[in-house]
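Line by line, the protein sequences are chains A, B, C and D. Take any residue in the first sequence, note its place counting from 1, add 1266, and you have its number in our numbering. Take any residue in the second sequence, note its place counting from 1, add 71, and you have its number in our numbering. Take any residue in the third sequence, note its place counting from 1, add 324, and you have its number in our numbering. Take any residue in the fourth sequence, note its place counting from 1, add 131, and you have its number in our numbering.
It should be emphasised that the hints constitute simulated quantities derived from the structure, not laboratory data. Incorrect hints may appear among the rest.
Label pairs and their in silico Cβ distance ranges [stated by the list, open to error]:
hint, chain 1, residue 1, chain 2, residue 2, range
1, D, Arg783, C, Thr475, 36 to 44 Å
2, A, Trp1514, D, Glu346, 38 to 46 Å
3, B, Tyr132, C, Gly510, 14 to 22 Å
4, A, Phe1335, D, Pro604, 53 to 61 Å
5, D, Arg763, A, Gly1307, 35 to 43 Å
Derived contacts from chain D toward chain C, CB cut-off under 8 Å, selection only [to be verified]:
hint, residue
6, Ile146
7, Glu276
8, Val319
9, Phe410
Built from N, CA and C at the ideal position, the CB exists for glycine as well.
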Amino acid sequence: MNLYPFVMEILQVLILLAIGPVFVGWVRVLKCWAQGRSSAGLLQPYRDLRKLFSKDVVLAENASWIFRFTPYLVFGTAVLAGGIIPILSTDLPLAATADVIVLVALFAIARFFTALAGMDIGTAFGGMGASREMTVASLAEPAMLMAIFTMSLASRSTSLSYMAQLVMSGQSVLRPSIVFALLAFILITLAETGRIPVDNPATHLELTMIHEAMILEYSGRHLALIEWASMMKLFLFTALGIAVFAPWGIASSADLVAVAAALLFMLLKLGVAGVVLVLIETGLAKMRLFRLTEFLGSAFLLATLGMLSYFILE
Amino acid sequence: MNLAVAAQIISFLAALVLLSAFGMLVQRRMYGLIHLFAWQGLFLSISTAVVGFVAGKHHLYISSVLTLSLKVVLLPYILHVLIQRLKIQKEVETVVNVPMTMLIGIALVIFSYHLTAPVREISTLVTRSVLAIALATVMIGLLMMITRRHAVTQIIGFLAMENGLFFAATSATYGMPLVVELGVALDVLIAAFIFGIFFFHIHTTFDSLDVEQMARLKEGD
Amino acid sequence: MMLLILLGIPLFAAVVLAFVGDRKYAAEINILGSALNFAAGLGLAFQVYLEGPSLAAGKFFFVDAFNVYLAVLTSFVSMTTAVFSRRYMRREREHGRVGHMGMRFYHAMFQVFIFAMLLCLLTNNVGVLWIAMELATLSTVLLVSLYRTPTAIEAAWKYFILCGVGIAQALFGTVLLYFAAEKVLGEGGEALLWTNLSLVSDKLEPTVLSLAFVFLMVGYGTKVGLVPLHNWLPDAHSEGPTPISAVLSGLLLNVALYALVRCKVLVDGSTGTHHAGDIMMGFGLLSILVAAFSLLRQKDIKRMFSYSSIEHMGIATFAFGLGGPIATFGGLLHMLVHSLAKSSIFFTVGHASQMHRTQEMDRIKGLIKGNPLVGWGLMFGVMAIVGMPPFGVFTSEFLILTATMKDAPLLTPFLLLGLAVAFAALFRKVQPMVSGDVPSYQKPMTVANLPVLLHMALVLIIGVYMPHFLNQWFHTAVELLK
Amino acid sequence: MNPGPIDLASISVIILLCAPLLVSLLSRSQRLLIYSGFALTAAASLLAVFAGAWTVWSGETQKLIMLIGLPDLPFHLRLDPLAGFFLVVIGLLSFFVSVYSIGYVKGFLGKRSVTSLAIFYCLFLAGMYMVVLSDDALIFLISWEVMAAASYFLVMFEDERIENRRAAFLYMVVAHVGAIAILLSFGVLAGLATGFGSFSGYTFDAMRSAHFPTEWATVAFLLSFFGFAAKAGVVPLHVWLPEAHPVAPSNVSALMSGVMLKTAIYGIIRVTFDLIRVFPWWWGAIVLVFGLVSAVMGVLYALMQHDLKRLLAYHSVENIGIILIGIGLAMIFTAFKLPLLAALALTAGIYHTLNHAMFKGLLFMGAGAVLHATHERNMEEMGGLIHLMPWTAALFLIGCISISALPPFNGFVSEWLTFQAFLLSPSLPSPLLKLLIPMGAALLALTGALAAACFVKAFGVTFLGHWRGHHRPNVREADWPMRIGMIMAAAACLFLGILPTLAIGWMDAVPQQLIGTSIGTSAGAFGWMWLTPVAYQRASYSGPIVFFGILGIVIAAYLLLHVRPGAIQRVPIWDCGFEKIDQRMQYNATSFAMPIRRIFGFLFNVKERVRTSQQTVHKAFPKKLYYSLHVRDRFWGWLYKPVIAASFWGSRKVGRLQQGRIQAYLIYSFVTIIVLLVFLR
């Protein structure tokens, strides 16, 4: 048997672990530039993580096993997802493990446990964060599914690698349905990864934070794992978008040149994605919680429009 | 005598029966009612006898005698005694809206005539036209029970209905089988005793025989 | 022969009880008489089962598949009622609601009533049928007013007058029937014999018979308690002593319906149309609906169950009106199971109201805890009567409803409405009575549990396993009533 | 003759029917009664499971005609794969619950006699088995109503409480009305099968072999769907369900929610796919729409509850909706002659039926354990139970994950299959459906996400945080029988989630029987590890890898991070410098659901009142604030109230007839005669 796919698999996971923090660093750097501040450099996230890992854990009195189990689970789902999404190559042994829907569900279980952990310690903050997080998620889900549905219409499949291959094989050039789906996907990504305007990862202001409120009581390696996982999550969603909407360059054949090219392409695309993200984040302001219905509603609308235009125009 | 005469006699008696029925419908005083009732019974028994004679049905004589003894003698007597006992001979009952009642009665006569027309078509008996009268008598008896509010009058109305029925039984169809007529008579007799008992119960419980008071049992709101 | 014994026993018992009816052992005599009567009934049934229909006393009495099961049913229920009334009436007497004369009268009249009903069922002569029916009325009138309370007397009076008037109409109908019959069969007793009439029914004059049927319908319909001729029924059934209510609801209504159905067969045979059936269906449906909605606001327990009797008579009438093998089968079955279930309900109701010294449903509580037999008996009785499986009432309603769905689908919504409302109404009232804790004023008492158990067992068995001979009778009856 | 599955099944039914006798004999010694009675039901259930599994495995059909019943219509029994499958569903959960009951029912000892509970429990199980076994209209309805009546008495068990009586009554009425509707629909079918010349038309065989004109078939379908929907608690007929299920003893509510509702699903499948067989596509559309509405409304109302068992009951409404979605899609695909897709959708539906039975049973058992320990159903008074009852907490959590459709547990697989069925809808010929059905998919996604939110709330408020109540009862962990019951259910959830390929391959016979094709071959094409419903290129899922992958990574990470022993110090929670923080300040069920209540408020009947106490120094600083919130089910006001009012109005009107004056009565009969005579002329 040829080891190539397994090598690829491991390579992907390593890239995920490695580049996740860098990507976040890249976004921060861009942001600093955009806001005219001087940045801490691309590798600052690494330093943060190292600091956290070396610290001791301080645990609330009545934190149960759920509170301690959650960080590992969140981390685990992120890593597993990294093994499934075609980042470098579409020819992965684990690719068949999950299609898009399962992938979404993987992130959902991570969210589920994070919310439970938020309620575990019994502060008002944790509950508040959990409640808001689940609300946002429940609003994002339908839009997410419509986007997936539209894509699977074009590429008669929900299996990621096949979607990617179909788009790459080029018979789907610029289609209105895919454009709409892409827009919807971007909005949803903002919501899922807790970026402005839905949530602000940088704030610890009581009334605005969502994700941060849940993990407020975490410290030490637990916090490190969660932070790392969320960095990977941002990376993964970007990679997901790339794999579905702009997979050009992802290697499908087994030769190192292609893989190297794929790596290059990926970095390029990530850079662009970071720019887009920063443009959005600097352009918009954090929304009130109850305006999110409009935000995610419009995401749903876009996805539906994509679906309709597929049936009507194509 | 020949059939024609007999038919005339019977029709005449029928007319008298009907007349007495109407009389009862508007009669206010107790005694008057009872007498009218007795008269009706008398006409009934005579006509029965005539029919029996004409048709040569001898068991009709028996039923005629039965009628005479029951409807003319016994029942009026019982009623009489009851009225004496209950000391209500003086009572005069108000009959609401006599002309209206009369009109309804006449309408009933017409109706029953119209109703029994087909029967008259197919019947071959001399007495066939009597059926309408009988039915009318029954209906008028019922009407009387509806319009009156005194227990005794209701009973008399009831008995008048029975008369109508009997009339139908004897005249319209030369008499039912004897056993049936005997049975009917027996039932009437028992009924007589029962309402006799009832009058006392009602009178003792409600100290009057006005059935209007007996409206306790209803679906209250 | 058996038949004459069956008729003779109650008469004899009546005569005896008329003299000793107030003694201590009167109740036992009553039970004995009814038991013998039931034995005779079984004998008759056996005879019919072996030899098929037969005549007796010349052609005066006859027994066929239709009336034999009703006769047996009548003798059976009268026996169980006698057993029940032993304790019940003793208790009533202790409460001083009835005196010596009352007891004598009660026992004698009870037997006379049984006799009248059996005569109704077994006579071959349509005229005598009428007489017996009147006799049955008269014999119960004074039983209804046994307690001498104003309401009792009022109820009895209404019963007397309304049924008298109704039955008078029936007589007129009978006269017309005879009028038509004598054309074909010649004069005399022969012309009123059912066995002869049924043979020549197609030769009878249709116009006369359809006229006659109107009067028979109104007449016997009054006794069946069909809306709008029903008004006497709730009063009479709720004011009399409970054993009488049981036999009135359980048996008399059946007998009246029996008479009606017999007449309907003749009329159908002669007219060849379905008019009679339509009329019966109309009455039945009206009765179901009115009774169901009346059930909803009852306060008096016995009154409520008498309304439910109206409803069920409506169902049976509707079934016979609908015709067809399945519906008729259902109708026959319904008469049987309803009378069993309803009488057992009245037994439990009697005990319940004696335990609480009231018929007000709001004051009756905690029966299951207070007296399991009465409580569960009432509960299951009601479940049976509202047509819950596995009780027999369900089977009959099942057959009737499905048949309706086939033959008159447009009527099913009304049936559905009626049954649903009746169900809700009964459960709404019964549930609080059986459940909950025992109220302070509830007096424990020894109850006659044999009748209830016997009836419920029978209803249950018929529901899941109908014996073969019964099935056979029903089928012959269905053939008869075509 | 060697005994076949159907003999085993009927034996288990007979055992259950005879058990009440034994129970009533033992009513003297209650403890013995509990052990023997529930052991007996457990044994009978196992027998039924075995029979059902055997039938589905072999895929063959057996019939049995009993000696009882009407002489012309003896009871027909039939055990085909469909019946076998539901037999397994019912039997499996009732086995778990019977074991659980041994522990749970002991809680009543000394308080009240449990004889009636045991008796009706047996009858209830017997009724459910007979429903799926019966093969003619009469026995079907008899067992249907026996089931209803038995469960009615079980709901009534603690009958001194007024709400029990009210709920039981409501339940009974709805159930019975539904039963009459089903009866009528059988009437239509039987009448069309063979006229009413004979009784043979009532057998299902006659109906199968008959051909029905569309309009009559539609009448039959609508009637039966109404009846079954009333039983399954489909919106808007669902109102009785959240009343009745919570007040019953918890082992019974587990059975009612877990499997009794499924008998209605069975009925729908049986009538449409097996008896009528040929139907237009819009029947499926009806089922689909009702399913969607039930799913969304069910979960939204569930979010508003703070009574744990009520919440679970509303989730039954939701899950029944999801099952109906699958069935509706299957009907649409069948009508459009797309058997493969129909098989997929149907498999999704029945697989969710099985899964829901497992996790809803588990959840109700957990709720029962909590109730048993705290005597409290209101979540606002709970919290922190995970420390006191770790077993129950862990097992309940598994139930929560499963019902929230999260991998790798079973709820996810069936919802995923349903999604796949949705995603295949573009292959339908009708353009309108192409456009509309995806919306349904979106609604399903919404449902799933809301369910997750709801169970974060349920688990978080009940088991996590601090105890919220004022007085803290001495809570003890559930005893072993209860735990074993729950553990088995949880194991089933995990198995069905990780190895769906085996389960689907097993239940293949059902779509094979009903539709003629099955997805077993394609679904298991790549071995037990990969579930590929239609084709490998289309979509795939591997439960084992997800489960063991996550597990492996978690363990690995844990070990890596613990090579260097890091001290963990426990400290009080951070109170933002505000010393007087107490457990009443935690988020509770109401506050958790607040954002969603705001967003979907228009769907509820919300009464929210804030009152400040009178003696306030300044209206800006009141001493006390009183907050009251009532969320009522709109359908009570929309559907039930009007019906009740109308019937009482009717009865008032009818009451006028009986107005007491004898003259009036005489007039009635007088008029009747006149009218009849006129009518006759």
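Now for the hints, and whether the structure bears them out:
1. Arg783(D) <-> Thr475(C): 36 to 44 Å: Violated, since Arg783(D) and Thr475(C) (Cβ atoms, about 22 Å apart) do not stay within the stated range.
2. Trp1514(A) <-> Glu346(D): 38 to 46 Å: violated, 57 Å
3. Tyr132(B) <-> Gly510(C): 14 to 22 Å: Because 21 Å falls inside the window, the suggested range holds.
4. Phe1335(A) <-> Pro604(D): 53 to 61 Å: violated, 28 Å
5. Arg763(D) <-> Gly1307(A): 35 to 43 Å: violated, 58 Å
6. Ile146: violated, 18 Å
7. Glu276: Holds, about 4 Å.
8. Val319: holds, 5 Å
9. Phe410: violated, 19 Å
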